[in-house]
Amino acid sequence: MTDTLVRPDTAPATLDAADRAALGDSVRRLLADRCTEADVRRIMDNESGHDAALWRALVELGVVGLTVPEEHGGAGLGPVELELVMEEAGAALLPAPLISTAMASVLLDGERLAKIADGSTIAAVAFVGAYDWAGRSDVRVAGDRLTGTARFVPDAAIADLIVVAGEDGVFVVERCDVTITPLPVFDRTRRMADVAFHGPATRIGDSSCVPTARDIGIVALAGEQAGGARRMLERTVAYATERHQFGRAIGSFQAIKHMAADLLLESESATSAARDAARQLAEGSQTKDAAIALAAFACADAFVRVAKDGIQMHGGIAFTWTNPAHLYLRRARSGAQLLGDGNHWRERYIQALEAQA
Amino acid sequence: MTDTLVRPDTAPATLDAADRAALGDSVRRLLADRCTEADVRRIMDNESGHDAALWRALVELGVVGLTVPEEHGGAGLGPVELELVMEEAGAALLPAPLISTAMASVLLDGERLAKIADGSTIAAVAFVGAYDWAGRSDVRVAGDRLTGTARFVPDAAIADLIVVAGEDGVFVVERCDVTITPLPVFDRTRRMADVAFHGPATRIGDSSCVPTARDIGIVALAGEQAGGARRMLERTVAYATERHQFGRAIGSFQAIKHMAADLLLESESATSAARDAARQLAEGSQTKDAAIALAAFACADAFVRVAKDGIQMHGGIAFTWTNPAHLYLRRARSGAQLLGDGNHWRERYIQALEAQA
Amino acid sequence: MSSGITDEALRAEVAAWLADNWTGLPAHHESFGRDPRSEWLAKVRDAGWATPRWDAEWHGRGLSNEQARIVERAFAAVGAPGAGQDRSNLWANTALAHATDSFKRTIVPQLLAGEVGMCLLYSEPGAGSDLAAVRTRANKVEGGWRVTGQKVWTSGAAVADYGMLIARTDWDVPKHRGISFFFLPMKQEGVEVRPLRQITDESHFNEVFITDAFVPEENLLGPLNGGWAVLQTALAYERSVMGDAARGPRSGAGGPKGDYSLLGLAQEAGRLDDPIVRQDVAQVIAWRVLNKLNTQRAKADMAQGTSSPIMSLGKLAMSRILHEEARVRTMLLGPESLLEGPEHPRAEDANFLSLNAYFTSIGGGTDQIQRNIIGERVLGLPREPEIDRTIPFRDVRAG
Amino acid sequence: MSSGITDEALRAEVAAWLADNWTGLPAHHESFGRDPRSEWLAKVRDAGWATPRWDAEWHGRGLSNEQARIVERAFAAVGAPGAGQDRSNLWANTALAHATDSFKRTIVPQLLAGEVGMCLLYSEPGAGSDLAAVRTRANKVEGGWRVTGQKVWTSGAAVADYGMLIARTDWDVPKHRGISFFFLPMKQEGVEVRPLRQITDESHFNEVFITDAFVPEENLLGPLNGGWAVLQTALAYERSVMGDAARGPRSGAGGPKGDYSLLGLAQEAGRLDDPIVRQDVAQVIAWRVLNKLNTQRAKADMAQGTSSPIMSLGKLAMSRILHEEARVRTMLLGPESLLEGPEHPRAEDANFLSLNAYFTSIGGGTDQIQRNIIGERVLGLPREPEIDRTIPFRDVRAG
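Protein chains in written order, with my numbering: chain A, 1 to 357; chain B, 358 to 714; chain C, 715 to 1113; chain D, 1114 to 1512.
Everything labelled a hint here was simulated from the structure, so no lab data went into it.
Fair warning: there could be bad hints in the mix.
Claimed, not checked - If the Cβ cut is set under 8 angstroms, some of the chain D residues that face chain C in the computed set are:
| # | residue |
| --- | --- |
| 1 | Ile-1118 |
| 2 | Pro-1388 |
| 3 | Gln-1392 |
| 4 | Pro-1498 |
| 5 | Ile-1500 |
Where a beta carbon is used, it is the ideal one built from N, C-alpha and C, also for glycine.
Okay, chain A solo, but in the shape it has when bound (with noise of 0.2 angstroms):
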């Protein structure tokens, strides 16, 4: 068996450097139009965090099913797509279960990839055992039964569908069939909420591709972070500009100015380290656990320097709940813990070389 396909039985399409550039726009487009900084404010505030209409329109752009092969009714993209969207949905803080499904599209099967597809269902990925980073899941599987809980899940509460990815194999479970208790969270554009299984679950596959599901966690996360970097970075150089102290805009001080430069650096490698992995994924390529997990600490590491050095370079102002800048730096804190921190990655990016040597 191969991971080194989306899904090792399709294999995905790539957009042209037109094409590709004109999916960007389309999704620039319309995050701008339904997620600008009031939208994101709004749906924070909601109980459930979630957006039903915005929802449907980036099903109706085909974003969600971006990953899901056409024949089950998406645009059998890949990786390099996805990498590409997520940049856009970080930039703008969009608050939606798009990793969540990515994730799902690579592990689900026929109808249920539809039904990502075409909306109808939002399915939240738990993953267990030796695939729970930091081991805070104590699911058990007994046959076709699961019981525990699994922990932190992302999007679990606005979920029809839990599907739990372990070495034990993927087993969807019916939202009815387990109890979910949402969480207090730091980040209120990311829910999370524990899951508890009492038993009836369906396994729908072995273990084969719950790497690439992470892996492909990974890389949209890695886009997300860098394009919430990247729009962060934006925003603090454009307020340095219009700002002034002391008769001058505080961009044309060093100190504001060279952290802006050192800034820069992060923000362009995190781009370059997301879209590389997303570039070797969709490749196959035999480095691509390296670019996983180089992208995987690189990228979330750059997002929370931006974030937070971004805020310090705004001064008081940022340090106001009506300033967005602290939206960004609650997502990129929150992106950093999602499928591993930063020493666990450089841990698996040191696993790789040695693998690779």
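Mind docking chains B, C and D on chain A? Use the hints.
Same frame as chain A, now just chains B, C and D:
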């Protein structure tokens, strides 16, 4: 047994503030006169790295016998005064075996001590076994015989006496009974040699004083590093004030000014750490292990950072051999490996904190 | 100045006074606004312990610095507040040094007893790092001035009786030379206080909207248009205490506090066997301890009459400590750090700190401004050329 | 511009030419001074491969960028040097763009064949970051100029035939407007070259003392007093290749080289089981790989005709990488890092790198200057007010 004082059997005198200031002044004056940059470069280029006349002057000032009890012809002072003297030594990049003789003063007995104080003997200390932090030496003890090689022993090539300190006790070996191989070193103000033992050795004590000898070494080294950092910062600030580019002193640019502010924090913290470790060692404080460990890594890191960033702040002029900036970096780098590196002492620090808790 | 009393006699007198008078305070008190401890503080003031270094005219005893510390230590030993305000009370010091005679006779005793609530009206939306760019205007009218403008980052404004205000009184001179300093009465129409929501979702600060508010002539401190110098002395008081004063995690249940709290958290979280964690925890604790050692050394230097460069480093040091501690706390907690709210106090601490660290690194002068100050005033590096220092404020570009 | 040749035909032609002509080069060559590969390079030039994008007049073939890359790739595939100098040859590009007609007819062919040695005479002891502050003077005389001054940081000066020189030709205008750009003949009395001892104890650079040296009229590049603009285009060439070009450890025996060499060193040193080491090694390797990915992306962007902000980041990135790699190498070696000399190649590498990293972080514009450039030219942040930009150079404070 107690290892809270310099020697278990002698309480070190402590000078009052005025006498302490006078001691510092007298050392500073001597070094300003006899250990100029030109002197340091001349001694660096010596084969031995040693200047007997300068050493003699230090003996006469009482610096060499500073921590030797008065009954053996020393000044009978303690870690606090040693630290103070070493700040001046570090500032002047003094190439002289002061740390070695201070450590030896803790380990040696009556007549040998007197010969340290009167300058007729130079002693080098080789930590072996559990006290060899990096585990590079392979000295074996069989009864009163020593075999194997102690590596990276500071000042061994000019020593009359090698003091071997480990968990099996303290031994002295005459120069004529060992093979000394001087090592080519990056910091030529601090020479090292490998010392091969061929049997003959005299046991002069058990291991009870060994930790104190190492602690005294750390305090002396920390003082040197704090003094070196401070002087390097002063030089850098002076250059940044006098050097003009773009019609302005470069120190008026935030890029330089803000680095200088950060370095002041490093350099002042190093001074605080070194003095606190000296005080706690002198007082036999319950928390002295933590204080020693803190000084060990804080002062080493601070000196390296001030020297490193100081070169950067100078610009091209500091990339030349004739500018003394690199001499500070060399000295900082050698000190950082002398009695344990930063990671080693951070680990020991947290062990000390655990033991305190 | 020598008061003629011996150290022993002074020690005995203050001990006896405390024995007679000190019975403790109500358990809870709010630190802004009118001080509920006023009754006690008035007693301390009247006994001469509030301001032992000042003359009797100002409720003091004309003691030397050394003797005043005897008084302070005696109060500290029993936990009684109120002594030594001649060093610590920003408001009273500022008023005594700069207020008109008539005003300070009224206000200084009240300030020493905490009978009036105070707030600071310095920063504006357009004047943060650059306080001299304030655009709040005070126009001369009969008997005083009429003030209009907007202030931000004001603590305690809602319960304050006076605000220490800087406002522009001359627009046709360079910016530092057209500012005056006032005690603005807060309880009047024309002063509106709105809470400011912080990124931590708390509201410790306010915006203050001032519209045609009146400040009487006698409430001017220092000369008209000489407010910049008054402000500098007031800011110096603040800065000298800032390094120690950074606020820690807000939760009461987040494990042991203080310099070594990270060690406890690492242990609790079962992470203390990880060598990487051990290095990071050691480094953050080390910075905390070094900052404390620096401060002790600075205080010792100052006691000996030497000026110390170290004091000004405290705030900058604390800023690095807090941001780095937030990072390490987050690393220790892993996914648990995604949570917030009172049921997750350790996560709450880590997240709160990750945001509240900016209170130290931005508030009261950003780290960048702090580095300027250290570079120029401590290390003596040359100032940056200031393009707006010599032109009339009207012509300065703002935004 | 289209040359009319198809890709296939071009590919065939260059392959055939290489098959006929390329037989390899002498194993060893010195990279400064007269190029011993001149005979080969002259052949490449005359065949039109040295400058395929240029017109036939300048030994080129008027190929498009894409077709020129076909030529370059064909040369690279067999390891033959000399192709594509229309992008890489600093000297020839500068001369072609700015030299007088008569001078460039002589010099450009020689430069393409490496028949003349070149060096840069920009920096001075008082003009490092601030190149526009040069004080070397060129005074007009019959038939040319007489030059007097001191230059530093000159590579290859001892074997150079010409130096690209900036010198002041007008002292009564602001600094950028009184500079001229020359090809100074180096082999003359009045030009003295002294090796400069670096902190690494090497001497790759020289000081050049110029005393009344003569430069003929036709060796002026660009307009008189218009040298600043010429310099800018020359510097742009340099900067665009700097990110990749930082020199690594000098020892030949210091373990595997390249992006992953730290991994090999850690293994060799028996330190790869230490989790702290693993984190640090991973991070440094990551930075190297990220820098490479950034550069690839920049090149791809430029190939598509978009300008890329990433290119300018390479040097800054490399500076961090080298300093940090020196730290990690030192940590890996422990006390072994105290040593130097050829018998201790791993220590030699670590120590050399700890010093030579400044070649990248200071040389060719300090990191601080790079951050200015990135902030201003890439991010579009406003320039710092420059106090000496508008005053006559005579009046500028120097030191």
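Note to self: Going through the numbered hints above, which ones does this structure break? Give me the numbers in ascending order.
What the structure shows: Failing hint: just 1.
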